[in-house]
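Got chain B sorted already, so can you dock chain R onto it with the hints?
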Amino acid sequence: MVSCGHFEKSVIDKISHDLLLFFGFPLAVKECSLDLGSFYNPTRRQYDANMILKAISELTSPDAIKTIGLMRVDIYIPILTYIFGQSILNGSAGIVSLYRLRNELYGLEQDNNLLTERFRKVIVHELGHAFGLIHCHNPSCIMRSSTYVEDLDQKNLDFCFKCKTELDRRLSAYRT
Amino acid sequence: MAEKKVSILVVDDEESVRDSLYNWFIDDGYDVECAENAKQALIMLEARDFDIILADIKMPGMDGMEMHRRIKTLNKEPIFIIMTAFASVDTAVQALKNGAYDYVTKPFDPDDLSHLIRNAASHITLREENKSLKERITTLEDVDDLIGESEGMKQVLREVESVAQSNSSVIITGESGTGKELIARAIHSNSPRKYFPLITVHCGALTESLLESELFGHEKGAFTGATFNRKGRFEMADGGTIFLDEIGTISPKMQIELLRVLETRTFVRVGGNKEITSDFRVICATNRDLKSMVKNGIFREDLYYRLNVVNIRIPPLRERVEDIPLLVNHFIRKYCKSMSRDLISVEPAALNHLQKLEYPGNVRELENMIERAIVIGNGKEIKLRDLPMGREVMSSSIESLDDLEKKHIASMLDKYNWNISRASKALNVDRATLYNKIKKYDLKKSDR
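Top line first, the protein sequences correspond to chains B and R.
For the first sequence, my numbering assigns the number 16 to the initial residue and increments by one for each residue that follows.
For the second sequence, my numbering assigns the number 248 to the initial residue and increments by one for each residue that follows.
Only chain R is shown next, with the shape it has when bound in the complex:
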């Protein structure tokens, strides 16, 4: 693959400076463009990205500092280098404080300029590598979250392994909180596309028009607020995988659009007319029953069959109770590490309680419980009282009204050595009532 050229934008109101720098950088093989003022530079930045911007600090109209501030609002991160005359070194220092990479005073020593640009180019490479490694680490950590020894989970993992190497579309079904996104990540991370991006779109969180712009991108001026060109998620996923979460929520219009893109792998940005091609794999997830949605005419049948080449169903947590201790230990390790705490254990009563719960929120609910328990606990052991409903469980086993009454009557009988008259007097009830209570609670002298 050809090495990507480092791109440089030179911004200076003096034509001779622009031409000199242009010729200098072109000779070095850089991709160079020039702008004669900040306004023109900002327009150019909306149309394309530059790795390095070399801007004069003093320009008529908007100065270099203001331009730098505006670039930051465009959500772009070029290396910004200020060019200045000796008289404005103080301003250049201020620019550095505001995040400029470096400054050079005009005229520069040719060697200084070469070094500066080479260092900036290395900085860009390191930044890109860092970003990519961080993404890979996150992905690997996420894949580590796939915990389970139950037959249900083993089956899911076997399916992930076999489907990862193919290019087929996958639908992941499962209740909320079962880990559908984790499975999508696992498929992507084990696929030949793993060095390209995994792009996630939460379809349910977006309105139809927002989803359209999110998926296909938009051109500047396509709608109110579209102040610059933006790549869509399909474009970003080129070479990689797109994960469409909550696919069951998309509108009939978007279903048609999606079907067309899946068939042709081409699309047009909102407000644009240029056809864009992207090579991506599709993984979808839903907690709805798509098949019955197809039967009821809510979801397009052709789209369903295009997406549903492979179907992976993740069992709810209540169907794999045997995985709970493993998951609990995993989440303890995860959160103790992120909170920089020593590893803690779980008291048997707490673990027993955790295995009896229903978990409508599935693994996510269990994870939240463990995180909460670590935060509020004593730092040594997760106790029953640290769990939601745990305190109530503790109370219900020893402190119901009947329990209290039984306990109190037994202690008074014990105190008066089972003398019924004295005990009933102390309890302020008549003898018959006390006899009835003794019978009700089956109290015997040997009870104590």
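With the rest of the complex left out, here is chain B:
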């Protein structure tokens, strides 16, 4: 995991627990050496997720199975106004941002526990894509597409049976 910005140890611990639980691989954390300023788009006042993702992919260490970049900045892709996270299907990397997950952005009271839970859900979701899973229609499954924070809150931090089975099938290829 490449962290671009400071993330509390308690949050990192929870993410580490999730990754071991769902994917069965340990987490290695690395500080981000990227200058995010070079991905800033002054017109949109946002950061280009495609470019960051490309840069993160290049930072992947040889022993890493997948790399996930954690951001605090507002990220976008050219056609969308914003995104929570981005990864390449079956690819080696993904990125996730806290920015749009904060309650304060929507005029609600700050809630750090909820923020952490949303962040964990987006990370597991994006890694699901990186392991080849597509969006799921099950409303409680972590792989359901979420375009609003309310969507994130509705789904569980868990895979449905169908996605779990498919994920296990795909993970077995890595274990052998």
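Treat the hints as calculated values from the structure; they're not laboratory data.
Don't take every hint at face value.
Unchecked claim - Example chain R residues on the side facing chain B (calculated, C-beta under 7 Å, incomplete):
(1) Val264
(2) Ser267
(3) Asp274
(4) Gly276
(5) Asp278
(6) Asp356
(7) Asp358
(8) Ser361
(9) Leu363
Every residue, glycine too, gets a C-beta built ideally from N, C-alpha and C.
The following block gives chain R in isolation, referenced to the frame of chain B:
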């Protein structure tokens, strides 16, 4: 059966837009491809179909609007969605007027994009369902057209029922207009293949090369005018039935080709090299005597026996006159409904006349007569004068020259109280002539 993936073609000159949309849709499980300009998109569309096309309105070379116009000429009906910047909303509105499904302004809200594509996918599903239901309704209506209580028709219906469940080839014989295609539809609609297409080919209407391309399909560039790949009728009939009407008209070369396809159920598109397999049932129809054509060496014997597993002969209308009143009522109901008119009756003289005709054009001829009579009639009852030849029949019964003469002489005799001298003077003939006419027409005072 696996659910068919909705396919999306993204057309945009900006690589970042194409990649972003590609990744977004791939995550949603769609079948996605990208083109960097309209020209490339059109080439891709010739090779395969897409359910949804998401195209930028402003692209170098051909713009999105022009591309949409060209797609329409390819006889394809994808859902076309325009992507535009705020500055070109007016153009996007114009695109909607030209038949685009919707437009989105860049950048889009992620939720808007998801909704738009989901709605477009539902639209596709509904369109497919609608098409399939319409086809089924048409089929059911057509099967309802099988009217007849005569022993000949009952026998045909019994044969249809028994042969429908099998997979055997059928030849339907009968004069022109007896309803051979209806029988083919009835067999298909009652068969296990009924949820798959019934594909009809009128062999007699096509030249040998056209028929070949029609049946087997063709690859782009196979001949002049073959500007895109096209599926053949055998391919379209996969899972269903192919109905080859006027089979007796096909050339010896096509007979060999057809025999080969029937034996292997595989074929190659004209100009292609890929072997295609299709699972279809064959029903043929002809108004010719295939057996004597075989004897005369005009029709291949092996093909005849392959096709002629079951033979259903439809009797001509003159052999089932008792069905005419039923058919007349059926066609009155059919055409009054389609013309939104109240049901009308038939005067006995008209029905009597209809039962005496020869009908070389069989049921089709009767149907046309009824349709015409409803159009030109008074809207309450079909009268003898509304039928072809009916007016002549009416005239011949009361207005022949002899009839007129007899009627006129009788009225003059009556007028002059059978005074022969006065009547002959009024008629300007001599008495002897008048006597002869009275004798000829057997006129008597009591006649009046």
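Each hint, compared with the structure:
With 7 Å as the threshold, the beta carbon of R:Val264 comes within range of chain B, its nearest partner Cβ sitting at about 5 Å, so the hint holds. The interface hint given for R:Ser267 is met, as the beta carbon of that residue sits about 4 Å from the closest beta carbon of chain B, less than 7 Å. Taken as an interface hint, R:Asp274 checks out: its beta carbon lies about 6 Å from the nearest beta carbon of chain B, inside 7 Å. Checking R:Gly276 against chain B by beta carbon gives a least distance of about 4 Å; that is within 7 Å, so the hint holds.
With its C-beta approaching chain B no nearer than about 11 Å, R:Asp278 sits outside the 7 Å limit, and its interface hint is violated. Annotation: interface hint on R:Asp356 holds; nearest CB of chain B at approximately 5 Å, less than 7 Å. At about 4 Å, the closest approach between the beta carbon of R:Asp358 and any beta carbon in chain B falls short of 7 Å, and the interface hint on this residue holds. For the restraint placing R:Ser361 at the interface with chain B, the shortest Cβ-Cβ distance is roughly 6 Å, inside the 7 Å limit, so the hint holds.
For R:Leu363, the interface hint is violated, the least distance from its beta-carbon to any beta-carbon of chain B being 12 Å, above 7 Å.
In terms of the numbered hints stated before, the structure departs from hints 5, 9, listed from lowest to highest.
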